[in-house]
Amino acid sequence: MKTIKYLILMTTIMVVFLQCKKSDKAVNTEDCSSLSNVNVAPLADPSTVIPSADWLTVTGATFTMGTFSSTRDDLKKSFMPDELPAHDVTVNSFKISKYQVTMGQYLKFCDATGWPRPVEPTFKWGKTADSLARPIVNVSWYDANAFAKWVGARLPTEAEWEFAARGGSYMPTAKLDTFYLSGGPYAYSSAIEKRATIGLNELAWYKDNAGTTGPQKVGTKESGAVIKNDNAALYTTINGVKVYNNGTADNRLGTFDMIGNVWEWCSDWYGKDYYQNSVKDNPLGPVSGSTRVIRGQAWNTFKEYCRIANRGSFSPCSKYEYVGFRLVKDN
Numbered sequence: 001m002k003t004i005k006y007l008i009l010m011t012t013i014m015v016v017f018l019q020c021k022k023s024d025k026a027v028n029t030e031d032c033s034s035l036s037n038v039n040v041a042p043l044a045d046p047s048t049v050i051p052s053a054d055w056l057t058v059t060g061a062t063f064t065m066g067t068f069s070s071t072r073d074d075l076k077k078s079f080m081p082d083e084l085p086a087h088d089v090t091v092n093s094f095k096i097s098k099y100q101v102t103m104g105q106y107l108k109f110c111d112a113t114g115w116p117r118p119v120e121p122t123f124k125w126g127k128t129a130d131s132l133a134r135p136i137v138n139v140s141w142y143d144a145n146a147f148a149k150w151v152g153a154r155l156p157t158e159a160e161w162e163f164a165a166r167g168g169s170y171m172p173t174a175k176l177d178t179f180y181l182s183g184g185p186y187a188y189s190s191a192i193e194k195r196a197t198i199g200l201n202e203l204a205w206y207k208d209n210a211g212t213t214g215p216q217k218v219g220t221k222e223s224g225a226v227i228k229n230d231n232a233a234l235y236t237t238i239n240g241v242k243v244y245n246n247g248t249a250d251n252r253l254g255t256f257d258m259i260g261n262v263w264e265w266c267s268d269w270y271g272k273d274y275y276q277n278s279v280k281d282n283p284l285g286p287v288s289g290s291t292r293v294i295r296g297q298a299w300n301t302f303k304e305y306c307r308i309a310n311r312g313s314f315s316p317c318s319k320y321e322y323v324g325f326r327l328v329k330d331n
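Here the sequence shown is numbered in the UniProt record's numbering, starting from 1 and rising by one per residue.
Since the hints were derived computationally from the structure, they do not count as laboratory data.
A couple of the hints might just be wrong.
Claimed, not checked - DSS-like mimics (lysine-lysine), calculated; alpha carbons at most 30 Å apart, straight line:
(1) Lys-98 with Lys-280
(2) Lys-329 with Lys-108
(3) Lys-329 with Lys-280
Work out the full structure: start from the sequences and follow the hints.
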């Protein structure tokens, strides 16, 4: 009798456990594609949410997309097959936001349109003085796309994102063996050139400096380390490329947090072999797929993967505490 009661009890516990696991999974994988049909009325004056000064012009050009780093750039060979082959891509001119979309900006959208608010993450974004200036998280691709339409913008293509992360037209054709231009890590050193070390802590929020706190206020880390001007006191020349000394200024384009803080949704469907067949001019990604591209890494990423060329993807319905987005718009 006791054995029967025990079996009934254990069966009940197992059923409850499986139901809970199913519910946990549903939070991030439930079908939300119907949201793509929801019309969001455009905001009359988007500059009340994203100031005009936050938009940067990216002049179109041809650049090398993907990993073309050497062993020196990537000592642990942390690049992935989907980053290959390196290939030339041409993008038209566009505008990009300096910053990732913030909690404050996104909540204005929810309040104005009735769009559901995201679930508060475990790191409690509302508990700090600068929480509204931290990047929004726990938003799906469809959430991000709806916000973009509301402010008259869109999500970047994967090619646009990488072009901007590499500094845009300031360095469009560079193929030198450097950490920044090759898609290798932001930080490296060698026995020959110790001075070539650029500390990732100075440039990005990632696991070593934000792994227990979550994303930080946008715009507090530089997005790259390529010099803007010819002031020799500010840079070191490495293999013919002018590289910032730590903490001197933004990258040439002027974006922030392109690496670290939160991953950023892109408009493309993800294809692991897409680079093998990508068109050269303004690629849009595969025509269909099951996951959407994310780029840029996040506050919980190991430094080895904090590389411009690194790619990721999630279901467009998924929502995570380390995924947000940045916007672009056509000129």
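Agreement of Lys-98 and Lys-280 with the hint, judged by alpha carbon distance not exceeding 30 Å: holds (26 Å)
Given the hint that Lys-329 pairs with Lys-280, test it: the Cα-Cα distance must not exceed 30 Å. Measuring from Cα to Cα gives roughly 20 Å; hence the hint holds.
Hinted pair, alpha-carbon criterion (30 Å max): Lys-329, Lys-108. Please report holds or violated. Answer holds: Lys-329 to Lys-108 is near 20 Å, not above 30 Å.
Comparing the model with each numbered hint stated earlier shows that all of them hold.
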